[in-house]
Structures are given as C-alpha cells and as structure tokens.
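Protein chains: 2
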Amino acid sequence: MFNFTFHNFTKVHFGEGQISQIQHDIPQSAKVLLVYGGGSIKNNGIYQQVTQALSAHQVVEFSGIEANPQYDTLMQGVALAKAQQVDYILAVGGGSVIDGCKFISAALKFDGQDPWDLMIQKAAVTAVVPMGVVLTLAATGSETNPATVVSRGEDKFGLFNPILRPQFAVLDPSVTLSLTDRQISNGVVDAFVHVIEQYLTYPVNAKVQDRFAEGLLLTLIEEGQKVISAEHKNDLEVRANLMFSATMALNGLIGTGVPHDWSTHMIGHELTAAYGIDHARSLSILLPSMLRERQQVKQAKLLQFAERVWNITDGTDDQKIAAAITKMEQFFKQLGAPICLSDANLDESHIPDIIQRLKGHGMTALGEDQMVTLDVVERILNRAL
Amino acid sequence: MFNFTFHNFTKVHFGEGQISQIQHDIPQSAKVLLVYGGGSIKNNGIYQQVTQALSAHQVVEFSGIEANPQYDTLMQGVALAKAQQVDYILAVGGGSVIDGCKFISAALKFDGQDPWDLMIQKAAVTAVVPMGVVLTLAATGSETNPATVVSRGEDKFGLFNPILRPQFAVLDPSVTLSLTDRQISNGVVDAFVHVIEQYLTYPVNAKVQDRFAEGLLLTLIEEGQKVISAEHKNDLEVRANLMFSATMALNGLIGTGVPHDWSTHMIGHELTAAYGIDHARSLSILLPSMLRERQQVKQAKLLQFAERVWNITDGTDDQKIAAAITKMEQFFKQLGAPICLSDANLDESHIPDIIQRLKGHGMTALGEDQMVTLDVVERILNRAL
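Here the protein sequences line up with chains A and B, keeping their order.
Numbering follows my numbering, with no gaps: position 246 of the first sequence is 246.
Numbering follows my numbering, with no gaps: position 28 of the second sequence is 1028.
Bear in mind the hints are in silico, worked out from the structure with no lab data behind them.
Honestly, I wouldn't trust all of these hints.
Not close to chain A: a few residues of chain B, all C-beta gaps over 10 angstroms, as computed [what the hints assert, rightly or not]:
#, residue
1, N1008
2, E1061
3, D1117
4, G1153
5, I1163
6, L1216
7, D1314
8, T1326
9, D1347
10, D1375
11, V1376
Listed below are the simulated DSBU-like cross-link pairs for lysine-lysine, each with C-alpha atoms no more than 35 angstroms apart in a straight line [what the hints assert, rightly or not]:
#, chain 1, residue 1, chain 2, residue 2
12, A, K226, B, K1320
13, B, K1011, B, K1042
14, A, K11, B, K1122
For each residue, glycine too, the CB sits at the ideal point set by N, CA and C.
Next comes chain A alone, as it looks inside the complex:
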C-alpha cells in the first residue's frame, strides 16, 4: 500500500426525509444560491422540500445546468451570484449540477481574468464559496469528493482540489424513484466503473481497499440487476444500497494508497464531448475492450476480480479472466447499456477523430502505468467496434 492522506470532511445525511436537515447545515445568515438543472425537481417534490427547509433563508435561484455542464452556462450563474452577493451554494441535482456548482464556487473567489484558467490548471483554486448538495441521482460520487468536470464547447476538463468538497450532502434514496430507467442504469454503470478504475490496476497488498472495492462491485451487481426489474422498480431498499454504493465508490476511500487507472474515463470523455454519448455509456462501451487489451498488465487483479466478484474458480487464468469480462458485459447489457461502439452508431471511421482529440488534450500516456499511449487507444477502439 502506498502512503496516503485521507480527509473527507463532507457530512452525509442519509435516508428518506433528510432534506429537512439542510436548514441546520446552512448558516442562518447565509444568502443561498439554489442551483438545479432542467426543472424536474419541481415535478417530483424535491423543490418543495428544499424551499420549505430554506424558508427562513434568503434564496436566489439559478437553473438550467445541462448534462456535462458548460462553461458559458456556469458563468451566468457566477454573474448572478456576484450580483446578488450570495455566500452559500446549494446544488440540487446529480453530478452535472454538483460539478457545475463546484466550478461556480471556485470561480466566485477567483481574482484573475478568466475562471477557465482554473479548469486548464493555469491558475490554482485557493478559495471557494461554501456549498452543500441535495443529491437527486446516484452516480458520480461528486457529492462528497473534490472533483469537478466541466465542458467548454467540445473540450471537457477535470479538476481536483480538496477545498472543492461540499460541506454536506443529503442522500435521500426516495428522490431517485422518479428517475428514468436510463438515468438509473447509467448511475449504476458509472459507479461500477469508478470502482474498477481504482481497483483493476496492479496489486499493492492493500487488503482493506480491495475488499471494500469488491464489496461495492458485488452490491452494484446485486442491486443493479434488481433496480430496473418490474418486481423491484419502486424498491426503496434497492435504491438506498445503490445510492450509498455510488457515493462510497468515489469518495476517496477505496482509492487511498492504491494505483489508479482512469484511462477509460479519459477516452470516454472524448466520446461524450464529440458525439454526445452519455458519460456512463461511453464507459460501458470502452471498458471491456480496455480490459482485454490490457489483460497482461492487469493479470493479477483481473484474476482476483474473476474469483471474488464473479465467483469464477474453474479454468485456466486466461479463461477465468475472459469469463469475468464476459459476465461484466452481460451485466452492462442487462442494464441496457451499450458495450461496443456500434451499439452507439459509431464505426472505424470515427477512430482517427477520437485519437486526434485525445492528442489535442495531451492525453497521450494514460493508465496506471502511463502505457496507454495513442496506439494502444487505437487498438482498444478497434476491439470495441
């Protein structure tokens, strides 16, 4: 295990009815920027619960944050927050709204010319306006982590800084009951691949992190298979287990002291930016081919994955690994997720464009060993046709 520092100070309120807690966690004197997306929260009761909880607070609303939040949209939020002199931000939404609010919270304290410099790391985040979260979609883990991903046109950049962590996050699984099957299954796939990117690298004898990662994968598989079935469609316990899994998948804990990969995410970001493929679907398209292409490097952990997660004990090492990847593909399919480029109407003609985009963004040596170079990406994309 590598040395590490772990410091996740976000307070988590979990369970049905917990939205009311926000009135205690946001200072009474604070003027709150209430941020949400397309307005679905007005149809499912979440908006009403939030505004009721904030009835004693001054509130300014900013809505319209899109999936893969765009810089131009967020800068409108920054302008409104400045004009209204807000001193607290409440994100009510999924990963896009939360990531957008993290950018707004940092941009409001940025004293340079263009806050985009923060995203492209020309300037460092040194201060933020404090923010909290009411989570409406379990997927990205952004609600308690220090990461944000923001797009500007077709460019999509990630930023990580400990001070971006929200002060609190409300995880009420009942608010996810109004989501579509596609949103739910995307969330399961996203959380699953988050775990994989921190787990399927090379062994460093980090037994707790490995067991926790496997525990999350087993839970995501078990509950993921149920969540979109007719029998369990409104099963709040299934939603609760998935919601907690997604948060734990990327709150930093299972990633402490171990190598990380993230190459599937980096290539996936280009598929999303260029062709509008849902983030999670870009991952389910790429991951099986990534693992097959990188089988030798990841051999030891792939075997552990086969045995402990998929209970595969028969056959040669290669057979076990192949069976595990096939089972993972079947799981993605059950969730209605694509597992190859053609499932998303992409073919070999798109490969040069994807490679070019990665090159343009400096993504030329990805993975836990930086050996996922552009020629390896090309092989992965050809496998994924």
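Let chain A serve as the given structure and place chain B on it in line with the hints.
Okay, now just chain B, sitting in the frame of chain A:
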C-alpha cells in the same frame, strides 16, 4: 437500512514516515501538550520523530497515562495544561492515551465543578481543546472516532460526542514493530470484536456496510494469523493492513444505518475493571458464549458470517453457525487470546460479582434488542466457564 448522519472529519496520514506531517496540522502558534504513556516511545524512535516534527512549536509534556486511563491521572494532565495554558493536545499512544486526551480536552473547557460529570453524563460536552493523534497501537479506533472510555477506581464509563473526534491522526505502521506479541494480538481481537458488535445483530439490508464489515473481518483473520508468526514478524505490509483495518473497524462507517450490539463490550468492561483483564481478552472470553446464547436472535447474520467470512457452506443452519463460532475461537486461540473465564483464572464464584457490578452501573438491558438482561448475562457467563 436506518437513516443516519455520518461525519468523520479526522484527517488521516497513513504510512511510514508520516509523523513529520504533524508540524503542518498543528497551528504554528499553538502551545502543545504532548501526552504519552509509560515512556516506551523514547525507546523506539517515536518520541524523537515527534519532537523533531514539533521543533518549531512550544511543547509541554505529560506522561504516565496507564492502560484503562484513570480519572485521577488525567486530572493531573488537566491541571498541568491549565497552568501552562496549552491550546492543542497531541496524543502519542494507543487507545488509552487517546481516550485520556479526549477527556483532558473536554475537561479543560468544562466550566462546572467536577469534569467527571461529563463521563457520567450529568453534564454535556460543549467545547474541547483541539487534539491530534500519533497512533502507536492499532486496536481501538479511537484515533478517528468520537468515543472515550475512562475509569475512576473500578468504575469504567464510555462517552460519545462528535466534537471529541481528533483533528488528525497519523497511522505509521512501522511504529507498531516494537510492540509485544500480546499487544499486537490484543489489537487484532479488539478490532475484530468492534466489527462484530456492529455486524452480528439482525439484517436491515445494509449491503455496503455488511460487505465492508466482512472485508475487515477477512483482512483481520488473514493478517492476524500472519502477524505473530515468525515468518511475518516484521512484515510492514501485514502491520499496515491491520492498522488500517483497526481504524476502519470503529471510525463510524460500518456502523452507519445499522443496529449495534455492544453487550460483549459492556460485560467485558466489568471484567477489566474488577479483575484487570486486558480489554481485548475480556472480549475474546465473552464473545463465543454471547453468540451461542444469542444464536436465535442473531440467526440470520450468524449464517451470513459463517458463509461469507468463514466460507462454511455445508450442513444445517445450526451446524454452520456452530462451525463458525468454533473457527472464531480457534482464531482467538491462535492469537494467544483466552476464550473462556478459566483461561483467565476466573470461575463460577466470580459470576455474582460481575452481575452485581453490571447492576450497579445500570447495565441491565444490553444488546441490539435490549434483551441481554442480567439473567441472560448469567447464562452467558456460565457458558463461558
């Protein structure tokens, strides 16, 4: 799963050489009360690392905190800290030193007559002097949790308050290499039983917490069997996995949203206070009999424990459970821990005294269902002869 709020804000620095981090985490202007136990830290290099890291700080030393820290000793620390006007406390030790420092940190801000009122909950903890920890023994989890246990004569009381959590904890597994086999095995048993008290109750479909608890048990068993063997005696990776497991066992995470038991701990506290039995050894003596006596209530989770932790799949339910408890006993024995009262030179003549002590402390309805009444305790103690 029950509703919960989880907020563990303690910053963890993990790994060899991390003691130097404390210079950044304690404010430069702070006058530090450096607290330790019997002075073994001067023989194993820890004291030197700590004082070197604090070379730019004002430091006052207070040593001599005993196992199961005593009120009278701690009040000497309070007097010294008041006289010296310290404004930060650094605990360098295991659970006893850390628990003692938590009491000192609360007592320093107590404005009533007798800080013992905090322990017996006649007064609430409302403020503390901030504290940090350099952990020297992996066992209690106190380094990142809100609990302290303090003794006054033969009375032993626990106190829980979120503001008792340390600001930071340094977990350097190499500092545990100088411990005795008995200290090491006590730590493994203590952490193991901490997990059990939050796991072996009744199912509430909290899949993540269950999987994490099982992951910790599997790690403690795997590494616990190695740690006192000749082959792995100085194996830093084994120490690292045990140290992280012990912290995670009682940092609040696996206990969120699930029922807790703690009856083994409450009875064990009486064995320690009355007969000086090591805390961990009081637990290994009691737990097997507790589980046998409470088999019906704990049936579902005991079966899960048998299957997932001990890989027992053959036989009737009763046979599986019996086999799992026997395997747990064998594990304790391998660690050199006692598994019955006679192993600690106690017999039936002591039972009335133990019952009387529990009664005197109001411990008359323990367990996740409050059904461990004094007659149940008597049956457990008779089973444990």
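Here is what the structure says about each hint:
1. N1008: violated, 7 angstroms
2. E1061: holds, 27 angstroms
3. D1117: Non-interface label on D1117/B holds, nearest chain A Cβ at 27 angstroms vs cutoff 10 angstroms.
4. G1153: The claim stands: G1153/B keeps its Cβ more than 10 angstroms from every Cβ of chain A (closest is about 38 angstroms).
5. I1163: holds, 13 angstroms
6. L1216: violated, 7 angstroms
7. D1314: Since the minimum Cβ distance to chain A is about 17 angstroms, D1314/B lies beyond 10 angstroms and the statement holds.
8. T1326: Holds, because the least Cβ-Cβ distance between T1326/B and chain A comes to about 24 angstroms, which exceeds 10 angstroms.
9. D1347: holds, 40 angstroms
10. D1375: Its Cβ never comes within 10 angstroms of chain A, the nearest being 36 angstroms, so this holds.
11. V1376: holds, 31 angstroms
12. K226/A to K1320/B: holds, 28 angstroms
13. K1011/B to K1042/B: holds, 25 angstroms
14. K11/A to K1122/B: Distance ~28 angstroms between K11/A and K1122/B Cα, so the pair holds.
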